[in-house]
Amino acid sequence: MKTIRNRLLLIGALFVIAVYSILPRSTVVRQLDPRTGQMVDATERLVPITLGLDLRGGVHLDLEVDQTQGPVPDCKDAIDRSQKVVRTRLNEFGTLEPVVQTNGNCRLTVELPGESDPDRAKRIVQQQAHLEFRITDMKNLFRDALPGIDKALHDAGVRGAGNAAPANAVSQLFGADSSKKKNGKTPAPDSGSTSAVFSGILFQGQMPGEYLVPVEQTHLVDSLRKITAFQSAMPRGIDLFWGTDSLYRGARAYKALYAVESKPIITGEELEKATARRDQVNNHSVVVFDLSRRGGRVFADATGRHVHDYMAIILDTLVQGQPPIINDQIGAHGQIDLQSKPLAEAQDLALVLRAGALPVRLAIVDEQSIGPTLGADAIHDGIKAGAVGVALVIIIMLVYYRMSGLLAVSALGLYVLFTLAGLAIFGFTLTLPGLAGLALSVGIAVDANVLIFERIREELQHGKSVRLAIDEGFKHAMSAIIDSNVSTALTAFILYLVGTGPVQGFAITLIVGIAASMVTAIFVVRTFYLIWLQRRPDMTTVSI
Amino acid sequence: MFRLFANARYDFIKWRKWAYGLTALIIVPGLILLIAKGLNYSIEFTGGTEVQVLTHDRSIDAAKLRAALDAGNLHGAEIASFGSDTSFMIRVRIGETNVQSPDVTVKAVRAALDAGLGVGKYSVGKYEGIGPKVGQELQGKALLAIFFSFFVTLAYLAFRFEWRFGLAAVLATFHDILTTVAFIRYMNLEVSLVVVGAVLTMVGYSLNDTIIIFDRVRENLHKFRRQNLYDILNLSINETLPRSILTHGTTIATTLALVFLGGEVIRPFALVMAFAIFTGTFSSIYIAAPVLMFIEKRWPGEDARGARVLTSPMATPPAAPVPAPAAPALPPKANKTAPSAAR
Numbered sequence: 140m141k142t143i144r145n146r147l148l149l150i151g152a153l154f155v156i157a158v159y160s161i162l163p164r165s166t167v168v169r170q171l172d173p174r175t176g177q178m179v180d181a182t183e184r185l186v187p188i189t190l191g192l193d194l195r196g197g198v199h200l201d202l203e204v205d206q207t208q209g210p211v212p213d214c215k216d217a218i219d220r221s222q223k224v225v226r227t228r229l230n231e232f233g234t235l236e237p238v239v240q241t242n243g244n245c246r247l248t249v250e251l252p253g254e255s256d257p258d259r260a261k262r263i264v265q266q267q268a269h270l271e272f273r274i275t276d277m278k279n280l281f282r283d284a285l286p287g288i289d290k291a292l293h294d295a296g297v298r299g300a301g302n303a304a305p306a307n308a309v310s311q312l313f314g315a316d317s318s319k320k321k322n323g324k325t326p327a328p329d330s331g332s333t334s335a336v337f338s339g340i341l342f343q344g345q346m347p348g349e350y351l352v353p354v355e356q357t358h359l360v361d362s363l364r365k366i367t368a369f370q371s372a373m374p375r376g377i378d379l380f381w382g383t384d385s386l387y388r389g390a391r392a393y394k395a396l397y398a399v400e401s402k403p404i405i406t407g408e409e410l411e412k413a414t415a416r417r418d419q420v421n422n423h424s425v426v427v428f429d430l431s432r433r434g435g436r437v438f439a440d441a442t443g444r445h446v447h448d449y450m451a452i453i454l455d456t457l458v459q460g461q462p463p464i465i466n467d468q469i470g471a472h473g474q475i476d477l478q479s480k481p482l483a484e485a486q487d488l489a490l491v492l493r494a495g496a497l498p499v500r501l502a503i504v505d506e507q508s509i510g511p512t513l514g515a516d517a518i519h520d521g522i523k524a525g526a527v528g529v530a531l532v533i534i535i536m537l538v539y540y541r542m543s544g545l546l547a548v549s550a551l552g553l554y555v556l557f558t559l560a561g562l563a564i565f566g567f568t569l570t571l572p573g574l575a576g577l578a579l580s581v582g583i584a585v586d587a588n589v590l591i592f593e594r595i596r597e598e599l600q601h602g603k604s605v606r607l608a609i610d611e612g613f614k615h616a617m618s619a620i621i622d623s624n625v626s627t628a629l630t631a632f633i634l635y636l637v638g639t640g641p642v643q644g645f646a647i648t649l650i651v652g653i654a655a656s657m658v659t660a661i662f663v664v665r666t667f668y669l670i671w672l673q674r675r676p677d678m679t680t681v682s683i
Numbered sequence: 187m188f189r190l191f192a193n194a195r196y197d198f199i200k201w202r203k204w205a206y207g208l209t210a211l212i213i214v215p216g217l218i219l220l221i222a223k224g225l226n227y228s229i230e231f232t233g234g235t236e237v238q239v240l241t242h243d244r245s246i247d248a249a250k251l252r253a254a255l256d257a258g259n260l261h262g263a264e265i266a267s268f269g270s271d272t273s274f275m276i277r278v279r280i281g282e283t284n285v286q287s288p289d290v291t292v293k294a295v296r297a298a299l300d301a302g303l304g305v306g307k308y309s310v311g312k313y314e315g316i317g318p319k320v321g322q323e324l325q326g327k328a329l330l331a332i333f334f335s336f337f338v339t340l341a342y343l344a345f346r347f348e349w350r351f352g353l354a355a356v357l358a359t360f361h362d363i364l365t366t367v368a369f370i371r372y373m374n375l376e377v378s379l380v381v382v383g384a385v386l387t388m389v390g391y392s393l394n395d396t397i398i399i400f401d402r403v404r405e406n407l408h409k410f411r412r413q414n415l416y417d418i419l420n421l422s423i424n425e426t427l428p429r430s431i432l433t434h435g436t437t438i439a440t441t442l443a444l445v446f447l448g449g450e451v452i453r454p455f456a457l458v459m460a461f462a463i464f465t466g467t468f469s470s471i472y473i474a475a476p477v478l479m480f481i482e483k484r485w486p487g488e489d490a491r492g493a494r495v496l497t498s499p500m501a502t503p504p505a506a507p508v509p510a511p512a513a514p515a516l517p518p519k520a521n522k523t524a525p526s527a528a529r
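As they're listed, the protein sequences go chains A and B. Taking this note's numbering, I'd label the letters of the first sequence as residues 140 to 683. Taking this note's numbering, I'd label the letters of the second sequence as residues 187 to 529.
Hints in this document: simulated from the structure, not taken from any laboratory. Warning: the hint list may mix true and false statements.
Unchecked claim - Partner residues are not named here, just some residues of chain B that face chain A (Cβ under 10 Å, in silico):
1. 331
2. 334
3. 397
4. 425
5. 435
6. 448
7. 449
From the three backbone atoms N, C-alpha and C, an ideal C-beta is built for every residue, glycine too.
Assemble the whole structure, with the sequences as input and the hints as a guide.
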């Protein structure tokens, strides 16, 4: 009597906890307000089971510290700092519950459930957002060093392969372009004896430090810049950066190459606020920013010293637009002109600038994107298959074991409830293979009941009384149930350890399912029998 | 009550040679085929890009997609219909085409389709791009998983039973993996992480089944102290037969529901599981039990009392089981008993 009551109390408590844990509840989610484009908090009622990306749709990215440009000494630290930056960015990005976690030493996993624009997601996550302001090469140190660079390249054995211009073209080209030069600098002297491997493909631009390279030659310039001789011949304190835009001189397209001072006057670290807007005058998309108080002081000092100089705005190693001239001291307030790019892009840029720069470059090693309708179809198919499978199991059990089968089937209902509750309580993710695992584990879950029932039947056949047969049946089936479930759980656990996303979801569902099936098949069904026996103490046959 | 195969007395062990032959017939050509052609690995393992294209126009077929990809210089892409005639899966593997990084490959496929079919004529349901490094890591992990699952279950079985039982169970499981790999090869299923997951689940399921029988063997060895192992194995298999039929019946029912209704993503998994249920059942009876007998004969154990008991059935042809004095459950001629429906 007492044991039955205690058992029922325990089952009732488990039932209440399980039902409570999967009831839809109000959750505060951050959403993109379509009217204002801002992130706002909204309250939604959601069933607290996390669905995997394969069921919800969304974007999954695995990123790795890019070591192709040179080794990164402290990968772990770099990825930890990147994780913080990416998380800050994504909190404003407009997806529910973005997942950002480190994965091993050099890897970052990003999941954006419900996101349907993978390209934008990649831009936001990958953009390094390293912002710098540098003064262009006002003293023409780079141009003066050109003959030296040519000579160094010549000595290093670089011949004019792919050199479109003849060796003596430098002066001609500069001469031909001299009408465009504002400062009236004299053309670089032609060394004559050495072939102008490098300077031969450079044209003087409109301002000091600006050079133009025919678009088809940009690869050549990049490969020359990698040569050590080139690097050692570069003037000290000067760096080269490409510009973002292509320029046209007649029919030919050119890319701008800027020689700028190595030391930035200020970096994006000092940036405090950034917002995107459209410039009323020229209809350009711009990002306006405010610097911190300290940054504003430094910036004002530096720009005060460089009035009438040109200032390059460098974002991720690319000079944005044409460097503007500094007309006056600039304070804590400035703007980046994105010209005719869409406003959405300016908004994204403002977002990543606010969140700060990534300490390293991140390369994508694995990307997945699943459309939301596809996820809905998958859920639909999975539930349909699961329902049919479970219905078949119920029919088989009822036909074969009749009343005892009914006990097992009602325990099965509890089993499904407990499994879902287990997923919700421990915060595990339900994936499509997980749904399959759930359906499959229903088939396996009845195994424990089958073992017990078959044992009871055997005991009955040996002529034991109903009560004794049930007792013995449970007792003898126990070792087989435990051994087989533990070994299945062990393989599922290994699967969890080595698997990725969806497969881990499957393993988790299987493990939770095994635990739930042990509770329901052994404890719950036993309790049902006890109640049954208590109500019919004179029972001589049992419907099994 | 309604019972299937109750009190069955089939002599399962007698047929072990036939069983070995049958299973060799499946495994050997499968492995030869495997060595000759290899497995069809998914891009998760090889690296590459998989793009599911949903066409908005029924006139777009695989040939048109192929032409569009070829025009975009993406030769050697695989194109497969995916569930309906407006849904296709395009696979571009790294190494078989001229593109290397997953990022670039995804872009190349989309650019080729935009150019060949026209923007707006199709949409991308889902795509996946995996770098070759990740693929290699996953390959290593999958092998490691199978190895570890062997090791851990062997250790567990050695702890719960004794090493002879554990070894027999693991050998039976190894057999299951071989037949399943052969099955995957015959069906030319794509080996993805989910399929590896199915193989591992199969390992768990098959072990589960073997354990149920071995548990009964262990019990019967204690119960019938003077019975020989040959008869005890047969007795145990027969006693657990109703359970086997019913459990496998319910699992195969859910698995087949997944095969036919679960959708394209789940189908390879469900197919492997469906096969695994057959091979797992087969190996528990025809591989695990005879192998246990073999092991007990070579290395007689105390628990199984193999050395003494095994002399008679192993020396005489198994067709004529020796009547044992203390075998209430096994009459000498124990071959045919109709399924009975009692009470």
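Check your understanding: Which of the listed hints are broken here?
Key -> none
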